[in-house]
Amino acid sequence: MDYVLLIEQLLNGFQLGIILFLMAAGLTLVFGIMDLVNLAHGSLFMIGAFVGGTLALATGSFLLGAVLMVPAMFVIGILIETIALRTLYRRSHLDQVLATFGLILFFNEATRLIWGPEGLVIPLPDFLEGTVALGAGITYPLYRVVIIGIGLLVALGLYLLVAKTRFGMLVRAGASNRTMAGALGVNIPVLFTLVFGIGAVLAGLAGLIITPITQAAIGMGEDVLILAFVVIVIGGIGSVRGAFIAAVLTGVIDTMGRSFLDLLLLLVLPANAAEAAGPALSSMLIYILMAGILFFRPQGLFPPRGATAVQ
Amino acid sequence: MLKRIVGATAIVACISTSASADIKIGFVTTLTTPAAVIGRDMRDAVELALEHIDYRMGQEAVEVIYGDDEFNAQKGKQATERLVLRDNVDLVTGYIWSNVLLASAPVVLNADKILISANAGPSPMAGRRCHRNFFNISWQNDQTPMALGELLNQESIQTLYVVAPNYVAGQNMVAGVERSFTGEVVGKDMTVWPSQRDWSAELSKIKAAGPEAVFMFYPGPAGPAFVKQYQQAGLIETIPLFSVYTFDSISLPLFQDAGIDSVLGSKMTQFWAPDMDNEQNRKFVAAFRDKYGRYPSFYAAQSYDSIFFIKSAVEGVNGNIQDLDGMRAALRKAEFPSVRGTFRMGSNHFPIQNFYERRVVRDTEGNWTTSVGPVVLENHQDPYASECEMEG
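Protein sequence lines correspond, in order, to chains F and X.
The numbering of the first sequence is my numbering, which starts it at 81 and goes up by one.
The numbering of the second sequence is my numbering, which starts it at 199 and goes up by one.
Keep in mind that the hints were calculated from the coordinates and are not lab data.
None of the values given here were measured: they were computed from a predicted structure.
Each residue gets a CB set at the ideal place from its N, CA and C atoms; glycine is no exception.
Relax, there's no trap hidden among the hints.
Each pair of labels, with its calculated beta carbon distance range: (1) R171/F / N308/X: 38 to 46 Å; (2) N308/X / G196/F: 31 to 39 Å; (3) A259/X / A357/F: 52 to 60 Å; (4) A360/F / P322/X: 16 to 24 Å; (5) G196/F / V573/X: 37 to 45 Å.
Please build the complete structure, drawing on both the sequences and the hints.
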């Protein structure tokens, strides 16, 4: 096998994993700590792309737009949490699913009203265009390298925040046992709001950094959301470390499936059957992975210590 | 409650407006989702055509009712059902997406009404599932890529890599190119449609395979996204990109704004271009640009044609549109001024027409557009016509 192609595909998978991680990190904290099924997390991905993109176009600088997006998304996240989601914590999961699905429709329509149906195109600054040589004959788009770098930095920052700070300790306590943490005097509502705000920033960041590649479109978050749910279930709900490992695993397996599965199938199937089965099977691959992992570890790979199974 | 009142008013409004028209045409296209840019082009062209015929076909007043398929086969079928069952339209046209058309066609045909596709040309409708009440005014999906395969032969391309979305039109496009291309297809990727918008894995494979050319088909807003990534991967300078239905007046302004100059000169094949020299086309393109301030796309051209096509049939039966035999006979003749020039209807109700080379150019005002070149396939009939056994 061509090792250059193999390494490039690993990088592609890793980059997809990074995007999934940024989505899943917020989702897993919200689900794990607040026990809230938030389908509208995909909308935050979209809002991040549109708001960040608009800021980038208005300021004329992609970087400045990205920096300004962070406080904007934090505020938007806090507003959504206090206005719409706070009332849902005590309700059943079905109510939460219905209400947050309604939010998806609301945000999609709001985006259409504000930005129009054609979406948003954000050009990359010139210094991020082009490819970079990584040695050994591997050239890779520079911007995708940057995405991987940003993702790793965020992962590191999040790890330090969760593992080394007092805030992180409270978050972990909340994820392990919400009632007990509350009884010990942790101000759970404020904690929830802050966590949701951070989740919104991460999802918005994911949406914004992928937009120069895919363009911003209404409903762009929904496909990523499904993958993000797969990631948090594999990783263990409430675990940021699990989300990171599961996201990279999912990204790499999905990309590898798309790249090499049809070649593998050619070994056992005639050409036209392999051609037809390849795309179908490769899009199923991560769900098969999820089913396999859940069979052996029903709580996912890294359930938060002391957490009970999802109620 | 408010919703009910609004709904009721809307229905009343529908009934009152429809009562005034003698002929009601249902037009299904995409009016929401990012693909709505295509639907907008089609609707604009239909409205222009209605203006040009003064909202009359013969003596009859005509009205067009639009349905939104939401870029989804199921929703498209529901929109068709509403048009056929609730609005009771006389015939149905439109349809961008082959999968939407395939899902919706039975609704119209079972109601014994005439269905005219203004864009989608999936192979089943041209072959085994051809129907006496179904007509296509654009092309069969395989034809344009067959012309492209021929163009690749003319350019002496030996090795080709193919990327297309994995749905019926994508499969037809790939089959079309493979039908006529005599070189070797060194790689082929069928991607998830419409959700996949990142082609990193496919682009890496293209780079590793090192073909002489790449053929791709991504309609609507996915096209510019693909080309941008193709450029970001550093491929656009080294491996020429051939496409069908990707560079049009919808996507070219986006490329121009993004400054992707390497798109200029890019070659494709098509049955029509904005600068085709015939009277109907000159009138259409000039009026469209005048009214909407942009070039019409081929989607718009076909939609414009569809109204004149229907008009020719209505006039053929002297306004008695219940005379389906007469309508069908008139539609088979296809005697109307088409923006593509002359063509005739094949036995399976798909056009037999020329396909031309088309390339991306800068017009005299600096706008990017497409310009027609030499004929690649002359009087071409789709390969499925022989499978069609039409009754009646």
